[in-house]
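Working from the sequences, and respecting the hints, build out all of it.
One line per chain: the protein sequences are Y and V, in this order. Just so you know, the numbering used here puts 17 at position 17 of the first sequence, and the rest follows in order with no gaps. Just so you know, the numbering used here puts 65 at position 65 of the second sequence, and the rest follows in order with no gaps.
Just so you know, these hints were derived from the structure itself, not from any lab. Think of the CB as a built atom: it goes at the ideal place given N, C-alpha and C, for glycine as much as any other residue. It cannot be assumed that every hint is accurate.
Cβ-Cβ distance ranges computed for the label pairs, FRET-style [stated by the list, open to error]: (1) V:Thr104 - Y:Ser84: 18 to 26 angstroms; (2) V:Arg22 - Y:Leu56: 38 to 46 angstroms; (3) Y:Ser5 - V:Pro70: 34 to 42 angstroms; (4) Y:Glu64 - V:Thr76: 33 to 41 angstroms; (5) Y:Ser5 - V:Thr104: 21 to 29 angstroms.
Computed, partial: chain V to chain Y, Cβ under 7 angstroms [stated by the list, open to error]: (6) Thr38; (7) Gln41; (8) Gly42; (9) Pro43; (10) Phe45; (11) Phe107.
From the structure, some residues in chain Y lie toward chain V, with a derived Cβ separation under 8 angstroms [claimed, not checked]: (12) Asn24; (13) Ser103; (14) Gly108; (15) Ile115.
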Amino acid sequence: AQSVSQHNHHVILSEAASLELGCNYSYGGTVNLFWYVQYPGQHLQLLLKYFSGDPLVKGIKGFEAEFIKSKFSFNLRKPSVQWSDTAEYFCAVTSSTGYSSASKIIFGSGTRLSIRP
Amino acid sequence: DTGVSQNPRHKITKRGQNVTFRCDPISEHNRLYWYRQTLGQGPEFLTYFQNEAQLEKSRLLSDRFSAERPKGSFSTLEIQRTEQGDSAMYLCASSLGQPSNTDTQYFGPGTRLTVL
Numbered sequence: 001a002q003s004v005s006q007h008n009h010h011v012i013l014s015e016a017a018s019l020e021l022g023c024n025y026s027y028g029g030t031v032n033l034f035w036y037v038q039y040p041g042q043h044l045q046l047l048l049k050y051f052s053g054d055p056l057v058k059g060i061k062g063f064e065a066e067f068i069k070s071k072f073s074f075n076l077r078k079p080s081v082q083w084s085d086t087a088e089y090f091c092a093v094t095s096s097t098g099y100s101s102a103s104k105i106i107f108g109s110g111t112r113l114s115i116r117p
Numbered sequence: 001d002t003g004v005s006q007n008p009r010h011k012i013t014k015r016g017q018n019v020t021f022r023c024d025p026i027s028e029h030n031r032l033y034w035y036r037q038t039l040g041q042g043p044e045f046l047t048y049f050q051n052e053a054q055l056e057k058s059r060l061l062s063d064r065f066s067a068e069r070p071k072g073s074f075s076t077l078e079i080q081r082t083e084q085g086d087s088a089m090y091l092c093a094s095s096l097g098q099p100s101n102t103d104t105q106y107f108g109p110g111t112r113l114t115v116l
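Dropping the structure here:
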């Protein structure tokens with residue numbers, strides 16, 4: 001069965017620090033990978049996604065993620081965080097099964113990011 | 001706002017009561033999904049619709065849960081005889097229905113259910 005692991009449950013950083021949140025998935029086939037973010041009091045928003053092509057994907061607000069197939073990883077990075085990045089971050093995966101079937105998202109348990117001003 | 005909307009945003013009910021939630025997807029999105037999120041966890045898939053057809057249901061969706069999307073637009077999720085374990089955030093998402101290797105789901109704000 002597919003699964004997603006986010007090993008960091010709570011990360012605390014100071015402003016301007018660099019960020020890397022780990023994400024590993026378990027699935028043998030072709031996958032699509034996502035990072036969603038949930039700011040306090042707001043709904044889940046798509047941060048970035050990987051379907052195919054360049055394994056380094058860039059998202060909104062200066063975030064990027066790198067898909068390393070051999071490591072089954074899709075870590076999220078940002079070179080310099082801001083206080084406004086305080087949020088919960090979810091790594092997620094769907095299987096790429098073709099047109100006829102939709103894909104449910106399998107989410108990790110999330111990483112809470114707290115930024116000290 | 002043209003995003004996914006959900007009503008109500010909060011629902012408090014007593015154990016044993018029935019509750020119904022509504023989701024309005026983004027216009028022209030033909031796929032609609034329901035997820036459940038409990039504290040400290042990521043959302044878990046419950047079910048999804050392609051237009052009005054319910055095509056997949058998770059084993060999490062017990063027979064007390066039923067979902068409909070009668071006209072292929074809005075959807076309702078009903079929980080009968082609620083239990084305290086049903087307390088959670090119920091999320092709705094929609095997508096255009098492109099091939100699954102490019103389809104992206106967009107989430108609503110959720111309905112927070114508290115069963116006393």
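A quick look at each hint next to the structure:
1. Taking 18 to 26 angstroms as the suggested C-beta distance range, the pair V:Thr104 and Y:Ser84 conforms, at roughly 24 angstroms.
2. For the pair V:Arg22 and Y:Leu56, the supplied restraint of 38 to 46 angstroms holds, since their beta-carbon distance comes to about 40 angstroms.
3. At about 39 angstroms, the beta-carbon gap between Y:Ser5 and V:Pro70 stays in the expected band of 34 to 42 angstroms.
4. Between Y:Glu64 and V:Thr76, the C-beta spacing of about 39 angstroms keeps the proposed range 33 to 41 angstroms intact.
5. Our hint of 21 to 29 angstroms for Y:Ser5 and V:Thr104 holds, since their Cβ atoms are close to 22 angstroms apart.
6. With a cut of 7 angstroms, the hint placing V:Thr38 at the interface with chain Y is violated, because the nearest CB-to-CB distance is about 10 angstroms.
7. Restraint check, V:Gln41 versus chain Y: the minimum CB separation of about 5 angstroms is within 7 angstroms; hint holds.
8. Of the supplied interface hints, the one on V:Gly42 holds, with its beta-carbon coming within about 3 angstroms of a beta-carbon of chain Y, less than 7 angstroms.
9. Annotation: V:Pro43 was flagged as interfacial toward chain Y, and the flag holds, the nearest CB pair being 5 angstroms apart, inside 7 angstroms.
10. Because the smallest distance between the Cβ of V:Phe45 and any Cβ of chain Y comes to about 4 angstroms, under 7 angstroms, the interface hint for this residue holds.
11. At its closest, the beta carbon of V:Phe107 sits 4 angstroms from a beta carbon of chain Y; the interface hint therefore holds under the 7 angstroms criterion.
12. Checking Y:Asn24 against chain V: minimum C-beta separation of about 14 angstroms lies over 8 angstroms; hint violated.
13. At its closest, the beta carbon of Y:Ser103 sits 5 angstroms from a beta carbon of chain V; the interface hint therefore holds under the 8 angstroms criterion.
14. Because the closest C-beta pair between Y:Gly108 and chain V is about 5 angstroms apart, less than 8 angstroms, the hint holds.
15. The restraint placing Y:Ile115 at the interface with chain V is violated, with a minimum CB-CB distance near 20 angstroms, outside the 8 angstroms limit.
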